[in-house]
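Kindly produce the complete structure, drawing on both the sequences and the hints.
Chains as they are written, first to last, in my numbering: chain A, 1 to 139; chain B, 140 to 278; chain C, 279 to 417; chain D, 418 to 556.
Hints are computed from structural coordinates only; laboratory data are not their basis. Mixed in with the good hints, there may be bad ones.
Here are the simulated DSS-like pairs of lysine-lysine, each with C-alpha atoms no more than 25 Å apart in a straight line [claimed, not checked]:
no.	chain 1	residue 1	chain 2	residue 2
1	B	Lys216	C	Lys388
2	B	Lys216	B	Lys246
3	B	Lys246	C	Lys388
4	C	Lys388	C	Lys355
5	D	Lys494	D	Lys435
6	B	Lys249	C	Lys388
7	D	Lys524	A	Lys110
8	A	Lys77	A	Lys107
9	A	Lys110	D	Lys527
10	B	Lys249	C	Lys355
11	D	Lys527	A	Lys77
12	D	Lys494	A	Lys110
13	B	Lys249	C	Lys385
Protein chains: 4
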Amino acid sequence: MTDPSAELDARIRTSFQKQAMMDTIGAELLEVAQGCVRIRAPVLPSTTQQQGFAHAALTFAIGDSSAGYAALTLLPKGMEVVTAEIKINLLAPATGPELVATGRVVKSGKRLSVVTSEVARSDGTLVAILQGTMVPVVA
Amino acid sequence: MTDPSAELDARIRTSFQKQAMMDTIGAELLEVAQGCVRIRAPVLPSTTQQQGFAHAALTFAIGDSSAGYAALTLLPKGMEVVTAEIKINLLAPATGPELVATGRVVKSGKRLSVVTSEVARSDGTLVAILQGTMVPVVA
Amino acid sequence: MTDPSAELDARIRTSFQKQAMMDTIGAELLEVAQGCVRIRAPVLPSTTQQQGFAHAALTFAIGDSSAGYAALTLLPKGMEVVTAEIKINLLAPATGPELVATGRVVKSGKRLSVVTSEVARSDGTLVAILQGTMVPVVA
Amino acid sequence: MTDPSAELDARIRTSFQKQAMMDTIGAELLEVAQGCVRIRAPVLPSTTQQQGFAHAALTFAIGDSSAGYAALTLLPKGMEVVTAEIKINLLAPATGPELVATGRVVKSGKRLSVVTSEVARSDGTLVAILQGTMVPVVA
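Written out as structure tokens, the structure reads:
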């Protein structure tokens with residue numbers, strides 16, 4: 001007998017670990033649930049911008065990935081997703097020690113899934129919101 | 140006597156070198172002109188996604204930075220820009236050996252600058268287009 | 279003695295009534311609260327697209343306006359807002375009899391306000407989500 | 418013998434004429450070419466916002482439609498497109514007497530087409546730029 005949530009968790013983790021970029025920025029999969037994935041990343045000296053805050057690309061990386069994996073939780077085994085498009089609005093400086101992105105599915109579909117993500121600082125301040133479209137592809 | 144284009148180039152390079160993220164992903168400032176900045180980055184084993192292509196965050200990083208620096212070229216000395224929002228549409232797999240982002244200013248303003256960027260592979264294939272808003276801030 | 283919520287409601291209604299486009303599409307201000315505005319519009323024969331559903335421009339019109347007015351509720355008297363940018367993801371056919379847009383403020387600021395809106399059909403189905411930036415201007 | 422460009426023009430015009438919204442705002446198909454469509458609309462008293470400029474929904478309507486029809490020119494007969502998502506950056510007040518939107522295809526695909534549009538005033542000033550995704554559907 002398999003635990004469906006354990007299976008889901010393992011499936012997302014396997015894909016996550018193949019993303020070298022996630023390792024480069026120190027990102028970690030925090031939580032996997034049906035339609036919702038949370039990813040955390042430290043604000044490292046190696047991922048800052050010119051003012052010393054986390055680079056928008058770090059915020060984007062975990063926002064986009066959390067949203068993509070959220071979409072993937074609602075797709076059958078053997079699928080992957082790619083980002084068709086995503087938009088980020090940056091709300092506050094991305095200061096450390098870490099950022100947490102919470103990706104959610106707004107609408108899951110066979111051709112397209114519409115997703116959002118919120119990225120917050122350790123103190124709870126919202127740093128960015130994202131809204132995008134994921135496309136399912138055969139893995 | 141100063142060469143205005145040399146001054147501009149130096150100003151953008153100084154800011155660019157402060158972005159640790161650019162160093163982490165191996166990005167390099169390729170060209171600085173009034174209203175147009177080009178940035179190149181290799182597709183490194185450390186910046187890929189689960190299928191082995193460059194991660195969307197790499198494409199985003201150089202697209203966003205090229206657009207931001209393009210905006211900065213039209214602002215007075217002593218200013219920096221931050222991204223208010225930016226949207227990326229991904230068009231083709233981001234394969235190497237390298238990607239080049241060309242950022243351009245569509246409208247420069249005191250409060251907001253509207254910018255675009257195109258990211259292309261070495262073979263010229265367009266990988267992504269971005270459209271966003273930069274906000275000038277005192278450096 | 280003035281009722282602050284009545285004052286707010288009157289201020290938003292006055293601006294709304296100046297928007298001829300809202301009248302043209304039959305839109306109506308449904309609810310005004312701090313940081314949240316709801317607008318309703320019928321799906322008229324005059325506002326459809328080629329398949330007989332409401333045109334994306336109708337969905338956009340009430341989504342954008344609800345988000346803009348939500349931003350305005352948090353600004354001082356004597357101000358207006360203009361849309362700097364907004365993105366819409368369309369999720370389902372916009373069938374009638376009517377659509378309701380709920381605009382909300384994610385972050386209110388002196389220079390920029392970040393907003394969202396959800397547009398739903400009478401049966402509750404989400405038709406579109408929007409995410410954008412409003413700029414305060416002197417009225 | 419058929420003129421392929423006349424066939425294309427007729428096909429786009431037939432779909433355009435079914436969009437009641439285009440008639441409501443007074444929009445007119447100006448030019449149809451492979452991968453590029455231009456639409457014009459007057460700034461009518463019935464389509465303004467609270468400051469007397471064209472409402473963002475008017476600018477959006479012709480921007481979105483020009484981009485969608487541009488995508489349609491590259492698809493086989495018997496297809497229509499729907500907007501999956503589109504983002505608009507507004508650059509300048511949309512004053513009359515008229516606005517012209519020029520939609521172009523950046524990448525045409527069987528599942529998704531990526532498109533842009535530029536909307537300009539009669540004096541040539543750019544009013545808005547749009548970037549979005551169209552989905553082909555069977556008509």
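Hints violated by the structure (numbers, ascending): Going through the list in order, the structure violates no hint and respects every one.
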